[in-house]
Amino acid sequence: MNKLLEVKNVVKKFNTGGLFSNKKLTAVNDVSFTLDKNKPEIFTIIGESGSGKTTLARMILGLETTTHGEILHEGKRVDGNANRSTRMNFMRSVQPVFQNPFEAFNPLKKIDQYLVSTTKELLQIEDDEEVKTIIDDNLQKVGLSHAEIMGRYPHELSGGQLQRTAIARALICNPSLLVADEPVSMVDASLKMSIVNLLQSLRDDFGVNVIYITHDLATAYYISDRIIIMQKGLVVEMGPARPILDDPKHPYSQLLKASVLSIADAGNGQLAPATDLIEIVNRNEGQIGKMRTYEDTRQVREYS
Amino acid sequence: MSDVLTVNKLKAYYIMNYFGTKREVRAVDNVSLTIRKNEIYGIAGESSSGKTSLIKVFAAAMRPPFEIVDGDIKFDFGDVKIDPYAEDKSKVDALRWSHFSYIMQGSMSVLNPVRKIGKTFEDFALKPMGVSKAAFKPLVIEHLEKLKLSPDILNSYPHELSGGMRQRVTIALATVCRPKFIIADEPTTALDVVVQKEVLSMIRGIQQEMGSSVVFVTHDMSVHANITDRIGIFYAGRLVEEGPTKLMFEQPKHPYTYHLVSSIPRIGDTQRRTSLEGKPPSLATPPNGCRFHPRCPIATDKCSQENPELIDIGQGRRVACFHSDKVKPLAEAIQ
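Taken in sequence, the protein lines are chains S and Y.
According to numbering that gives the first Met the number 0, the residues represented by the first sequence are 0 to 303, in order.
According to numbering that gives the first Met the number 0, the residues represented by the second sequence are 0 to 334, in order.
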């Protein structure tokens, strides 16, 4: 197996409270997984706010150092303290897509400046014609064209177009991994599925691995190959996406699934919270327990 | 009469007139609707569909350059009937919070960060309730207990509470005077799924207990499916379809509603979903005819020239589309 990304027993602790306080908050607690270079997949991280999913993504992107454990990209350590040249190499291979496309782009800068500077910086290409062809190729991949984007400011595009441009920018250097942190939560309802379908086509047509971070179980079910479900920094269930979401084993995963609002019985108000599950989840919260492997390769955290 | 709010052919535009250039943004364009007593009316629409502008009109919170161009709006609270724009502003202000109130989206910016929750309750509700300070506190505690909130929160500051708890406090705050009409603007959008469900069931519970009407604004169709009695779908400043929630999800008559409902992915279903082409139109330069026609899969020449009227099609439904008979029922697709 050719390992693209290896996350080994990663722990992240933050100091909380004042300057002299000794309180620690464990945002990510002992997370491990591996992505295969030859088998592109959509790897989904599910969790509520405060579950550590964004901290994990920031550590993978090298924006945050790890407290313990290591993150290896093609066998080399990448977390935080690498020097500029290794960092540039890493950035050519791993690219982010952020949550809010309206905040990701400077409103006073034309969109194409981002595309041009990424091409020039990361691919070291100076010839303007060549830059233009590369940008156009990548905009085609996301269903946009050069003419639609050039010379436009962010406010002139819709949220869906902006998010697709953000993905096109990330694709310029042919990355092998895309880290997408809640890429659809700020996009209009009628355009949401175009972004989700795009992530799927990146995997199928261009062989890009995608780490898809979300709290939306339905889109996760729709596109993911594998998922991990995180609760307060701990992975509670990980493995193949559809079997897990069809039949979750951990009480927290069951609670998440039970809380998804269904449209199957519209107008009849299915709003009663799953109080029994909430109780079990609260009782187990904070316990470490042990991961148990099931027959269908999934791992579930169990408490004695 | 059983309607709390009657809106008739309302047109409210943002009118800007600077340096000799006049610009109109038609945020609310010819909207007629009624909100009945004791119902949750859902308003669905994307960003820039005019839904926030519409509730600004309802709440009598309009500021220039936003103004009513035509049409009228009437509240009937049972004991008071009022047209908020014809009456004196002080009369409308006297009804605020006691007769109509709002649950807002950003619970952090609604609650004053340097005042304890108990003080915030006094700031908002003491005057509309018209009781003395000594009598006020037991009333608030009684109300909190009804909502299954601990009275201890009155002594905490907003930053000490979690997001879900703060949102529950804003709901308690908006309902403490038992208003007849409540506007809820995306109250659960920023919340996690588990908390979202609890907050929604709390809104539903208090609405049924008080028998008030709630206008519930959100772009999330699965929230609408579970909390509302009727839904109005807005597109580019116009009401394009309205009807009972169940029928809207099973047999949408407008192609835009059809798209919104059919594109929701669900667990256990791997069928491919697609998005509409194009983007929501700018309200400053809306397309001619039906505003949805550039993105509509079944549009014809007629759609690009004439504007379809909102017509009654029975079963309490209204739709603005020339080709509503061509929209397929969804009942089997979402089973």
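Calculated directly from the structure, the hints in this document are not laboratory data.
Since the structure is predicted, the reported quantities are computational estimates derived from the model, not experimental observations.
One should not assume that every hint holds.
[Unchecked claim] Beta-carbon label-pair distances, calculated as ranges:
1) S:Lys108 to Y:Ser281: 17 to 25 Å
2) Y:Ser281 to S:Phe19: 49 to 57 Å
3) S:Ser184 to Y:Asp268: 19 to 27 Å
Backbone N, C-alpha and C define an ideal beta-carbon position, used for all residues, glycine too.
Evaluated hints:
1. Look at Lys108 of chain S against Ser281 of chain Y: about 21 Å separates their beta carbons, and that is inside 17 to 25 Å.
2. Under the hint 49 to 57 Å, the C-beta atoms of Ser281 of chain Y and Phe19 of chain S, about 53 Å apart, fit the expected range.
3. In this structure, Ser184 of chain S and Asp268 of chain Y meet the distance hint of 19 to 27 Å, their C-beta atoms being roughly 21 Å apart.
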